[in-house]
Amino acid sequence: MEHITREDGYHLHLLHTKKFKTLHICLKFVAPLERNSITKRALIPYILQQGTAEYPNAIELRQQLDLLYGAVLHIDGSKKGEHHITTVRLEIANEQYIANQSHIIDDAVQLLKEIIYHPKVENGAFDSNVVEREKQTLLQKIRALKEDKISLANTRLIEEMCEGEPYHLRVHGYEEDLADLSAGELYNYYQQMLAEDQLDVYVVGDIENMNMKNKIAQLISKERQSSIVKTDPTVPERPSDTIVEKDQVQQAKLHFGYRTGITYDDPNYAALHVFNGIFGGFPSSKLFTNVREKHSLAYYAASRLESHKGLLFVFSGIAPDQYDRARDIILEQMEQMRKGEFSEDDIAETKEMAINQLKETLDNPQGMIELHYQKVIGQSDKNVEQLIKEIQQVTKQHIIQVAEAIQLDKVYLLTSEEAE
Amino acid sequence: MEEKHYEQIKETVYSDTLENGLQVYILPKQDMAKSYAIFTTNYGSIDQSFVPINKEEVVTVPDGIAHFLEHKLFEKEDRDVFQDFSKAGASANAFTSFTKTAYLFSATSRIKDNLMTLLDFVQDPYFSDQSVEKEKGIIAQEIRMYDDQPDWRAFFGTIKSLYHHHPVQIDIAGTVDSINKITKEDLYTCYHTFYHPSNMVLFVAGNVDPQETMQWIKDNQLKKSFEPANAIKREFPDEPNDVAQTKVDINMPVSVPKALVGIKEPQIPDAPEEFVKKEWMLDITLDYLFSKSGVGYERLYREGLIDQSFGYEAHLERNFGFTIIGGNSQEPEKLAEVLKDELMNLKQHQFDQDTFERIKRKKLGQTIRSLNSLEFIASQYSHYQLLGIDFFESIHSLELLSYEELDSFLRTWIDENHISTCFVKSE
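From first to last, the protein sequence lines stand for chains A and B. Once you know that position 207 of the first sequence is 207 in this note's numbering, the rest is easy, because the numbers rise by one and skip nothing. Once you know that position 1 of the second sequence is 1 in this note's numbering, the rest is easy, because the numbers rise by one and skip nothing.
Treat the hints with care, as some may be off.
[As the list claims (entries may be wrong)] Now the stretches of chain B that chain A is said to cover, found in silico as 3 or more residues with beta-carbon under 8 Å:
id	stretch
1	89-97
2	103-116
3	297-311
4	365-376
[Said to hold, decoys possible] Below, in silico cross-link-like pairs of lysine-lysine (BS3-like), each with a Cα-Cα straight-line distance of 27 Å or less:
id	chain 1	residue 1	chain 2	residue 2
5	B	LYS425	A	LYS141
6	A	LYS18	A	LYS213
7	B	LYS10	A	LYS135
8	A	LYS146	B	LYS292
9	B	LYS247	A	LYS294
10	B	LYS87	A	LYS339
11	B	LYS136	A	LYS294
12	B	LYS55	B	LYS233
13	B	LYS277	B	LYS10
14	A	LYS294	B	LYS76
15	B	LYS340	A	LYS141
16	A	LYS359	B	LYS10
17	B	LYS76	B	LYS218
18	B	LYS29	A	LYS359
19	B	LYS112	B	LYS10
20	B	LYS112	A	LYS389
21	B	LYS136	B	LYS247
22	A	LYS19	B	LYS4
23	A	LYS120	B	LYS292
24	B	LYS10	B	LYS233
25	A	LYS19	B	LYS55
26	A	LYS19	A	LYS213
27	A	LYS19	B	LYS112
28	A	LYS18	A	LYS135
Hints are computed from structural coordinates only; laboratory data are not their basis. For glycine and all other residues, C-beta sits at the position ideal for the given N, C-alpha and C.
Generate coordinates for the entire structure from the input sequences, incorporating the hints supplied.
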């Protein structure tokens, strides 16, 4: 059960459970997605992992983590809806399972404090050598997108589809920003982020009687809690169109972008969730069985929801010469959803799978944090239990209504250079 | 049914070997919402030459057949088994590795139904000429997708450079040509030989009652009849100790080139405790050099030779073993050179006791952390069981490992003749 308290400058979420042999401390800093901060926010996680005032290089910092029985530190950036989230996560083995150890948690909190609040700084700026080196790291990450054809196709689809909306921004930032970014500017931005971003802190594990509230209070220094602005899902009025791009691929990627107009807090979200399960969310779905199995047209065909921007994506990998057939069959599956061509059995099975999936996510510490954080980003009171109840109540009529409101925005094809 | 409690990690495993030879293990974890079961056969991509059940002569089957068989088992005369799991709220999957094929599901309800589905679909094959032909199209797409993935190509390119004859060098999915040769009859031959219960392990973990679950499994198995269990005769070519090629180049479009260094393990210990010890020594040595707190990693990073893709993995099995180290690099030749240099210099390192204790702590913590995952426990426990090793006791062998043992391993591990490199670059 989640226990939430408002602390000075942040919200503390305590998730006590005996499921895990570990303890997790996770800080989530959130700010609006913006073109002028995105590359800075992409770069900062790399810099923070390169050393602190006390442990001035990466190897010394990493060896401290090793001594805490291989504590795992993750710092990364992600986007949900039109928000950018910087996540700092430390995972340690619960001392119960280690003979003669009783202060791993206190040492871990101290180390986390050092990493976040005492980075390696010179003259009011991050270490410039570190910054230059990490620019290279990020640059390689940015360029590597070209190799992951599924992500590339999805990124290009979103850029075209959401042009002019913050959601189109690339989470790893932009190559052209890197040259001019100074170590001082980055440090200033980081200070601003620490002070102004909305902060939520999650602690997961067997934490009863551990006084985590006090331990976290010693960790964080923040004066005021800001709050994020909710974005309404916009559904632009325009006909859908198709974009074709070519690359050195053997297998073409055919992706579709739809507008659902439904975000996490929406009363129709549970119905959309079930819709997606029947349409393309599970191996039993229409996309999987009809595109992949029945017609052997694709190696994969699936759909996924973006819950905070109100989007639905379809992904498929096809032989380049099968484009027309694959597109028609995928569009046909959506038509069938709108016409209600699915059975009560399909609905019952999909609900069970969707609920199963949510419960399974709660069996994983990170999954538990992410599911609870949906509430924060969606600015919603709907917890997982509530969502499960709503899923159980979804009717066929409900699903058809949702399907009818979904609009196709873009079709994106990444195909081989030889294709017509 | 046997009950074995492991005090340090506070877990209990219930086990039995059934009359037909099937080994069953159950690990209850009542706090979890989910249950997970994995049904593994000791049969993978390397098992290409063998004496079929009730036959005398060795046969060799086409590359990629174990993986093909894995796909085909899900398809029955009247339905696709994925749907049976879906209907019961479970998600199912399967994978084929060098040495194993495994079928699994997870669910938060109707565990008995799903467990019966798992046992029944794996133990009731249906292959027809028509369905075999249709599958060839799907698997050809899968192979092409792998062909577009530079990491996969580099991984197999390295393995190919290490081995002269051993079938570990064959792509697990085979090639478009090799899978086109597969027939229904080949599938039945492999199936009847390798899917005998005595060649399989079933592991169930999660929100289950061990007594009740064991009874379900026994009742299910009693209804089926199998041929008497016989040891399977597998044949592997003689493999020289040195590598097949010291360098392999792969041309394909990549934005950043790649360099991987492979190390072949010529000696694999037979005794289970020695095997586990060797795994820990490899793991600790690689960590010492190339983890993010490693001395070699630090140098590679400082010289700008690696990025986030850098990594390493070691595979140790009964009749082969190798390590692969590397990743993306703007200067792939230099990366390979420095990696080899670090390895060749290992003999001269001053590896102190504090470093040893630090890495041992890290490995202990990592192992405890990994026990959060039912999937990890079930698949690792099954993996080690097929090697004759108790996974949970392998933690103990880490604790027993001495500084002197590791120090001497460090000084003898690397031999220049066991090292190869693989590059992936755009033309």
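Mind listing which of the numbered hints don't hold for this structure, in increasing order? The structure conflicts with hints 7, 9, 21, 24, 25, 28, although it agrees with all the remaining ones.
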